[in-house]
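Can you make the complete structure from the sequences, with help from the hints?
Which chain is which? The protein sequence lines are L and U, in order.
In terms of the numbering used here, the first sequence has 124 at position 124, counting the first letter as 1, and numbering is strictly consecutive.
Position in the second sequence counted from 1, then plus 1000, gives you the numbering used here.
In short, the hints are calculated from the structure, not lab data.
Some hints could be false.
[As the list claims (entries may be wrong)] Derived coverage of chain U by chain L (criterion: at least 3 residues anywhere in the stretch with Cβ under 8 Å from a Cβ of chain L; other residues may be distant): (1) 1164–1171; (2) 1265–1272; (3) 1298–1309.
Here the structure is a predicted model, which is why all the values come from computation and not from measurement.
Beta carbons: idealized from backbone N, C-alpha and C, even for Gly.
2 protein chains.
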Amino acid sequence: MAQPNEKKWVIGVDLGGTNIGVGVLPIDGGEVLALHSLPTEPQRGAKYVVDRMVSMIEQSMQEVLARHGSARAAFAGVGIGSPGPLDRETGTVINTPNLGWRNFPLRDLISNAVGLPATLDNDANCATYGEWWLGAGREVDTLVGLTLGTGIGGGIVLDGEIFHGVSDAAGEIGHMTIDSTGRKCKCGNYGCLEAYASGPAIALRAVEGIEAGAETMLPDLVGGKLEDITAATVYEAVVLGDPYANEVMKETAKFLGAGVANIINVLNPAMVVIAGGVTRAGDHLFVPLRAEVRRRAFRSAEEACQIVAGQLPGTAGVVGAAAVFKKETYGKV
Amino acid sequence: MAQPNEKKWVIGVDLGGTNIGVGVLPIDGGEVLALHSLPTEPQRGAKYVVDRMVSMIEQSMQEVLARHGSARAAFAGVGIGSPGPLDRETGTVINTPNLGWRNFPLRDLISNAVGLPATLDNDANCATYGEWWLGAGREVDTLVGLTLGTGIGGGIVLDGEIFHGVSDAAGEIGHMTIDSTGRKCKCGNYGCLEAYASGPAIALRAVEGIEAGAETMLPDLVGGKLEDITAATVYEAVVLGDPYANEVMKETAKFLGAGVANIINVLNPAMVVIAGGVTRAGDHLFVPLRAEVRRRAFRSAEEACQIVAGQLPGTAGVVGAAAVFKKETYGKV
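Right, dumping it as structure tokens:
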């Protein structure tokens, strides 16, 4: 196996349905350099997206070369995080509804275009691995990550390795059933955690209550257009002291608490890292969340587990994708 | 490390709240020999229970020695499965409500009394490990076990090793919330899988329906005493063609399906092994169970996972306790 210290840099790529993030990491860890984000624009087709990723990688490399005077040979390779399901062995994206891709050999297309080895892993796995390598989880070996956004992504790190399951499908924590006869989820199932605690689900619950007559400043924050209420509007109102918005946030904490307690009862991790915009609510979220988990989880497992906010907002995916490259190439991070 | 082939036999002990099971396994696997089961009678006190375990172990050893002409040195040691939570490192039972024990050094008491090394692990972990070693899971490396009895025990085997989590508390799958505002569970939480699909929960749901006016042969099977209806009565009625009992079994399959789908979405195992009396319902349980899982789980994870009945009814715990001893002593099973 190659030695990481022959190389200086690893490139991390975080491909999402909305944005592409690219950055460069010192191979021994540190700050993300030459970080860039551009819209994915998947409607322009797969070739367009790949070309954009390649040009972003080239730009980041050039910036690092210019600033640090390294030779191109100082780049070990590229770690790519992508929505799944994926086949990691072949580096293929099997199916991503957000991008419209099927059986798409993303890893090798990128690798060939930039002339560097590359790895591919699930975006939610990468975000969790990033928090483990350089973020909230750097002092623990076993943690579970949840990223609350348009959906709820999940990742599991056991003894410093991403746990993939037998067909690269493990970690779909957002699709745990917490109410078996509950709300319909986009995945087709009923009562998934994601159907209650994703950004759009938080907004939807808020709007439903307003339509049912709740008194709140929320409509004023969006000029009366209820359809413009997002999870961010809800946090804004919480911070401004709106009791109804605070109620919506407490409910979110209860649903999330059921999901986190399930994780704790099943996996007994040292840490659960919650990432995404919702963590901006701070104690308004985490205080009732931890209380709900205490009510639901077994004490010995609950006491062993910290529940914390992610420390790498916006970069966890890039950092984790680079960490996956390092792990797969050198056997350790 | 010692070599297993210097020894011939391992003793497995399955300590439950109701019964103690003891048997002897050939160290390379095979049939359970000298299998015995006696009531635990925990109300007689911890010393009584330990003495009974020790005399059962001695009896099983004597039988094997008499039949197979081995020397006592042919016994490698004793694996013990016990209700938890446990501290595996010190061999201590931290707290078992069923037995009334707290911080009880079970492993060393047994080890000293029989003059053999011993190991201690959770009973549900042992049952799952037994199915992995010599039962339904012998062809796979990653599986999850659920034992439906008075409660619902769970165990997780990843790459041929029991997954314990960071404080020996992993695998409490029976206490996953599947209905966050649902039935109260004995553990204090609401809506646990166990509150719907354990033996007593199945019986309770059946009785509730009868009290609400359901037409069924169930009361006739217990001489009109509804309090005598157990999960076994429900299976009996299912086999006799009772439509209401079949409805109760289908509901059980739906609740269980939500729990199994959660496991599959999170852990993506190659197999889920369901054990316990409820599996006697056969296709009446497994056909609707698999259908519910297909509805709820992600296809790529669901397709990778077999859902099967345990193959070691009554002995999985003994076999698995012996397997844990072998694993901890020799590094592999």
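Verification of the hints:
1. 1164–1171: This one holds; 8 residues, not fewer than the three required, reach chain L with a Cβ under 8 Å.
2. 1265–1272: Holds, because 6 residues of the stretch 1265–1272 of chain U bring their Cβ atoms closer than 8 Å to Cβ atoms of chain L.
3. 1298–1309: Contact hint for the stretch 1298–1309 of chain U vs chain L: holds, 6 residues under 8 Å.
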